[in-house]
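On the provided structure of chain A, position chain B with the ligands as indicated by the hints.
Line by line, the protein sequences give chains A and B. Heads up: the first sequence is residues 201 to 501, going by my numbering. Heads up: the second sequence is residues 13 to 277, going by my numbering.
In case anyone wonders, no lab produced these hints; they're calculated from the structure. Errors might be hidden in some of the hints.
[Claimed, not checked] Now the stretches of chain A that chain B is said to cover, found in silico as 3 or more residues with beta-carbon under 8 Å:
1. 287 to 297
2. 307 to 319
3. 334 to 347
[Unchecked claim] In silico EDC-like cross-links for lysine to aspartate or glutamate, where the CA-CA straight-line distance does not exceed 16 Å:
4. A:K230 with A:D333
5. A:K272 with B:D237
6. B:K33 with A:E330
7. A:K314 with B:D245
8. A:K334 with B:D245
9. B:K33 with A:D333
10. A:K316 with B:D244
11. A:K314 with B:D244
12. A:K316 with B:D245
Values in this document were obtained by computation on a predicted structure and should not be read as measured data. Backbone N, C-alpha and C define an ideal beta-carbon position, used for all residues, glycine too.
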Amino acid sequence: MPFRLENVSYRYSDGTLALDSVSTNFVKGKRIAILGPNGSGKTTLLLHLNGILRPTSGRVYFEDSPLEYTSKSLLRLRRRVGYVFQDPNDQLFAPTVKQDVAFGPLNLGLPTDKVKESVSEALEIVGMSEYSDKPPHFLSLGQKKRIALAGVLAMHPEVLVMDEPTSNLDPRAAIRILRLLLQLNQKFGLTLILATHDVDTIPLFANKLCILSKGKIVLEGLPEETFSQTELIRSLDLRSPRIAHLFEILRRENHLPIDKQLPLTIGEARKEILRLLDSKNMIEKEGKSYIEARTRKVNHT
Amino acid sequence: MSLGHVHAQIDRYAYTNALTKNSPVTKIFFALSTLIICVTSPSPLVPIIVFLTTTTLLLRFAKIPVHFYWSLLVYPTTVVIASCLIIALFFGYGETLVAIVLPWFSWAVFKNGVTMSITTFFRVEGALSCLYFLVLTTSVTDILITLRRAHIPMILIEMSLLIYRYIFVFMEVAAQMYTAQKLRLGYSSWKKRIRSTALLAGNLFIRTLEQGERTFMAMNARGYDGNIRTLDDLPRPRMLSLMGIIFFDVILVFVAIMTMHSWVL
Ligand SMILES: Nc1ncnc2c1ncn2[C@@H]1O[C@H](COP(=O)(O)OP(=O)(O)OP(=O)(O)O)[C@@H](O)[C@H]1O
Ligand SMILES: [Mg+2]
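Excised from the complex, chain A in its bound form:
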């Protein structure tokens, strides 16, 4: 179990209570999405996982031992837990893309060949290989975001914490990166903890969803179950994925016989529509054969 939070509260120096007694588990190998409106404390929560922030009260456990905040044990933690910041300008400090991506692996003490290998591999993964000698200020925000991710992937972390992974990315890059994270999760058991307010992408990757509001976890569980609580979600200034919303309307307004668990992705929606069509056909077919049978009966007599 990589992370366990026990009544974690955090108060910023100006008195804002950004986390209010949060307790939860992030199990190894899971893909966790943290959803919440602006200012709900997502970033604050994530910053605790890497020991960047220290809880005002409460405890954070990593693999069942409480985090220690000495520089040595933090260094050890950060070798295993990668953190991609919300704003890539905070993260990219080196004069060229390659140098920036190499920063982490060099800090791990890897030999030069290995470093070069991880750097080119990571750049390949995010699709930015041809930019390796460019300085970051020549890149667009979305491209910088991809470099920031590459800089962390190059360290081969066991847990990847990412703040708003898909903001500022074009749809293709967003899907590509999510797919890639999914692959890393399935192949190497990389634990993913992503904060986002892009609800439509959550069902594509997450198998656990935590909903934060005003510094508290108000709902957590499987995405399908969580998103089915439509009233609660709306009361938190959030919305369900568009597809779930559509099916909810179809159920409520058009009284279609739709499952309690709303479909969240295009794939699920397709299945549900086919199922509905099928059952409709069945009714029609059955209806027809019933009528035919009736008429036959009538004719007989």
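Same frame as chain A, but now just chain B with the ligands:
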């Protein structure tokens, strides 16, 4: 062209010119050695040779567009011409070229003043071309990594590294804030202009402090332990190019010595 714009342009060429794949050691060695010979040369002949050589290298081999190089040269050159005119007209002693003597006023142009002025002009232009050669063909990154290898104190290099990167971040932020203020009519009158500029400067200052903190945090998150390590995979200098440069420098020194006494107006 604004100053920031020129700055960014130079930086862009440093990363994209046709000589990027050559060893920075070679380029730095060429630029600095010719620069030193150029400014110490007593006659204008050596600076002229240097200027022509570096300009050819820049335009033909590094493929820097002529108009850009020209625009870089124009502004300093006007300043240099003005300064050299002052030297020619008001400096010197001994033999005169022109002299105006009135009972209450006398003024003379001296031979060695003009000589000095012409020498200075060519020295400065030659030196300028050497520096442009360096900054247009070698990126700041390459220069810093090379300096690190030359055992310049780490702290200086790391600071330059960060300053260099965040100059651009803050230029971007300042430009964005400026546009945002302008779109909300922050520069529509003289008074508002002053107010907006002050706000921008103040904000930018706070931003730099915050940025420092956040960058430090982000570096820590990737295992920063007080040393910024860089990947050293620069192209090695080729012996042949180094020998060529040394040969060129020797010729320059020779020319400089030969013309030392013959160059008098
Ligand atoms: N450095 C800070 N000093 C004081 N208060 C802060 C600071 N950073 C965040 N806060 C406050 O803490 C609360 C939680 O902020 P946080 O950044 O965690 O939100 P978030 O969920 O990440 O929001 P967003 O979706 O906008 O990124 C907010 O009310 C915010 O105003
Ligand atoms: Mg945030």
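Evaluation of the provided hints:
Note: the segment 287 to 297 of chain A has 9 residues with beta-carbon separation from chain B under 8 Å; the three-residue rule is met and the coverage holds. Look at the segment 307 to 319 of chain A against chain B: 6 of its residues bring a Cβ nearer than 8 Å to a Cβ of that chain, three or more, so the hint holds. Coverage of the segment 334 to 347 of chain A by chain B holds [criterion: at least 3 residues with CB-CB distance below 8 Å; count 5]. At roughly 35 Å between alpha-carbon atoms, K230 (chain A) and D333 (chain A) are farther apart than 16 Å, so this suggested pair is violated.
Note on K272 (chain A) and D237 (chain B): the hinted pairing holds, with a Cα-Cα distance of about 9 Å set against a maximum of 16 Å. Proximity of K33 (chain B) to E330 (chain A) is assessed by CA-CA distance (about 15 Å); at most 16 Å being required, the pair is judged to hold. Simply put, K314 (chain A) and D245 (chain B) have alpha-carbon atoms about 13 Å apart, close enough for the 16 Å limit, and the pair holds. A distance of roughly 15 Å separates the Cα atoms of K334 (chain A) and D245 (chain B); the hinted pair therefore holds under the 16 Å criterion.
Taken as a hint, the K33 (chain B) and D333 (chain A) pair is honoured in the structure, with Cα atoms around 11 Å apart against an allowance of 16 Å. At roughly 10 Å between alpha-carbon atoms, K316 (chain A) and D244 (chain B) fall within 16 Å of each other, so this suggested pair holds. For the proposed pair K314 (chain A) and D244 (chain B), the alpha carbon gap of about 13 Å is at most 16 Å, so the pair holds. Straight-line distance between C-alpha atoms of K316 (chain A) and D245 (chain B) comes to about 9 Å, which keeps the hinted pair within the 16 Å bound.
In summary, the structure is inconsistent with hint 4 from the numbered list given earlier, while agreeing with all the others.
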